[in-house]
Amino acid sequence: MALPSGLPESVGDDETLARFVLASKHFSQPQEGHWRVKYPAFIPDPHDDLSVSRVEGLPSDSIAKLGRPVAAKQRKALYGAALVKCGLIRRQSLDILADEPPERHANIVGWPKESDRKEQKSRRQLIALELAESSRFIEIDA
Amino acid sequence: MPTFRPLQPSSHGVSSQSKLVTRAIATAATRQESSVALFGQCHGALGELAEICEDCAKPDWDGYGAHPVANEAAVNAESFLYALPRSCPAPEISPEPDGSVALIWYGGRRQVFSVSFEADTRVTYAGLDGTSKWRGVEIFDGNEVPEFLLAGINRVAVAR
Numbered sequence: 001m002a003l004p005s006g007l008p009e010s011v012g013d014d015e016t017l018a019r020f021v022l023a024s025k026h027f028s029q030p031q032e033g034h035w036r037v038k039y040p041a042f043i044p045d046p047h048d049d050l051s052v053s054r055v056e057g058l059p060s061d062s063i064a065k066l067g068r069p070v071a072a073k074q075r076k077a078l079y080g081a082a083l084v085k086c087g088l089i090r091r092q093s094l095d096i097l098a099d100e101p102p103e104r105h106a107n108i109v110g111w112p113k114e115s116d117r118k119e120q121k122s123r124r125q126l127i128a129l130e131l132a133e134s135s136r137f138i139e140i141d142a
Numbered sequence: 001m002p003t004f005r006p007l008q009p010s011s012h013g014v015s016s017q018s019k020l021v022t023r024a025i026a027t028a029a030t031r032q033e034s035s036v037a038l039f040g041q042c043h044g045a046l047g048e049l050a051e052i053c054e055d056c057a058k059p060d061w062d063g064y065g066a067h068p069v070a071n072e073a074a075v076n077a078e079s080f081l082y083a084l085p086r087s088c089p090a091p092e093i094s095p096e097p098d099g100s101v102a103l104i105w106y107g108g109r110r111q112v113f114s115v116s117f118e119a120d121t122r123v124t125y126a127g128l129d130g131t132s133k134w135r136g137v138e139i140f141d142g143n144e145v146p147e148f149l150l151a152g153i154n155r156v157a158v159a160r
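Each protein sequence line maps, in turn, to chains U and D.
Residue 26 in the working numbering sits at position 26 of the first sequence, and the numbers go up by one each step.
Residue 68 in the working numbering sits at position 68 of the second sequence, and the numbers go up by one each step.
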């Protein structure tokens, strides 16, 4: 079944997701020509899920166009987007569920839960490290 | 929430929590006098830590509903930086959306180790080194860096 955006409800492993980066401390200046996303950009807290957008096949300016309303709503700058493949996310035992509106919005769900909060945190920390290390950062308005 | 100021122990708060923070900051200020000579490569990280405390002092600093960075978390991260050996490479620093502070060491491709600080002594860590990965919880008493954490730093950062 198609969503209002025209995308299928089911999110494929080969799709690319964007996590918009609105905090200047969540990425590093270019080193050897490429930007680095820091893992806290992928930590879902204080929510249960991580909010992302489905951007497969979109050029950078279209990704920016999707992110600007997100930043504007929060009165933040839009520094960039961390791009990551769905297949890699599912390899961390997480899943991606479409969640429109807004168009192309989805959530990364299934983050570990533990009775010991620190144990839960370290499990999420490792997953976020994996996602950050596998992501590609595109600069938007930084 | 009081602002994190490593060199200006100016808080007049009377709660036990604020006394703790004030004392920790005063200790840090004393140490600072000799830090350039003794602190090694991590000296520059202090400024970044103070900047993070200022930038992330209000809720929703990340646009996704983040909690303010806890002053005590910053003090713990600072104590950790001071407790590191002089030869230790400087980490990158990042606020976390739960109000904690992360120190992150990078090496080559897929070589990264992070330690996260909250207000208490239990720190969480996670690391990647190629196909190896590890994580857990350790106690940092404010003075001595646990050997397991030092090994994690050296494993990824020395290889740079």
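Think of the hints as simulated: they come from the structure by calculation, not from any bench.
For glycine and all other residues, C-beta sits at the position ideal for the given N, C-alpha and C.
It cannot be assumed that every hint is accurate.
With a straight-line cut-off of 27 Å between C-alpha atoms, the simulated DSSO-like cross-links for lysine-lysine are [said to hold, decoys possible]:
#1 LYS65/U - LYS133/D
#2 LYS133/D - LYS76/U
#3 LYS76/U - LYS58/D
#4 LYS76/U - LYS65/U
#5 LYS73/U - LYS133/D
#6 LYS85/U - LYS58/D
A few chain U residues that face chain D, going by a derived Cβ cut-off under 10 Å, partial list only [stated by the list, open to error]:
#7 MET1
#8 GLY110
#9 TRP111
#10 SER115
#11 GLN125
These are the hints, each one checked on the structure:
1. Annotation: proposed proximity of LYS65/U to LYS133/D is violated, straight-line Cα distance about 36 Å (limit 27 Å).
2. Proximity of LYS133/D to LYS76/U is assessed by CA-CA distance (about 34 Å); at most 27 Å being required, the pair is judged violated.
3. Proximity of LYS76/U to LYS58/D is assessed by CA-CA distance (about 13 Å); at most 27 Å being required, the pair is judged to hold.
4. Restraint check for LYS76/U and LYS65/U: satisfied, since their Cα atoms lie roughly 15 Å apart, inside the 27 Å limit.
5. Restraint check for LYS73/U and LYS133/D: not satisfied, since their Cα atoms lie roughly 37 Å apart, outside the 27 Å limit.
6. Note on LYS85/U and LYS58/D: the hinted pairing is violated, with a Cα-Cα distance of about 32 Å set against a maximum of 27 Å.
7. Hint on MET1/U is violated. Least Cβ distance to chain D is approximately 29 Å, over the 10 Å limit.
8. With a least beta-carbon distance of about 17 Å to chain D, the hint placing GLY110/U at the interface is violated under the 10 Å criterion.
9. Because the beta carbon of TRP111/U sits about 13 Å from the nearest beta carbon in chain D, more than 10 Å, this interface hint is broken.
10. Interface hint status for SER115/U: violated, as the beta-carbon distance to the closest one in chain D is roughly 13 Å, over 10 Å.
11. A cut of 10 Å between beta carbons decides the hint on GLN125/U: the least distance to chain D is about 4 Å, and the hint holds.
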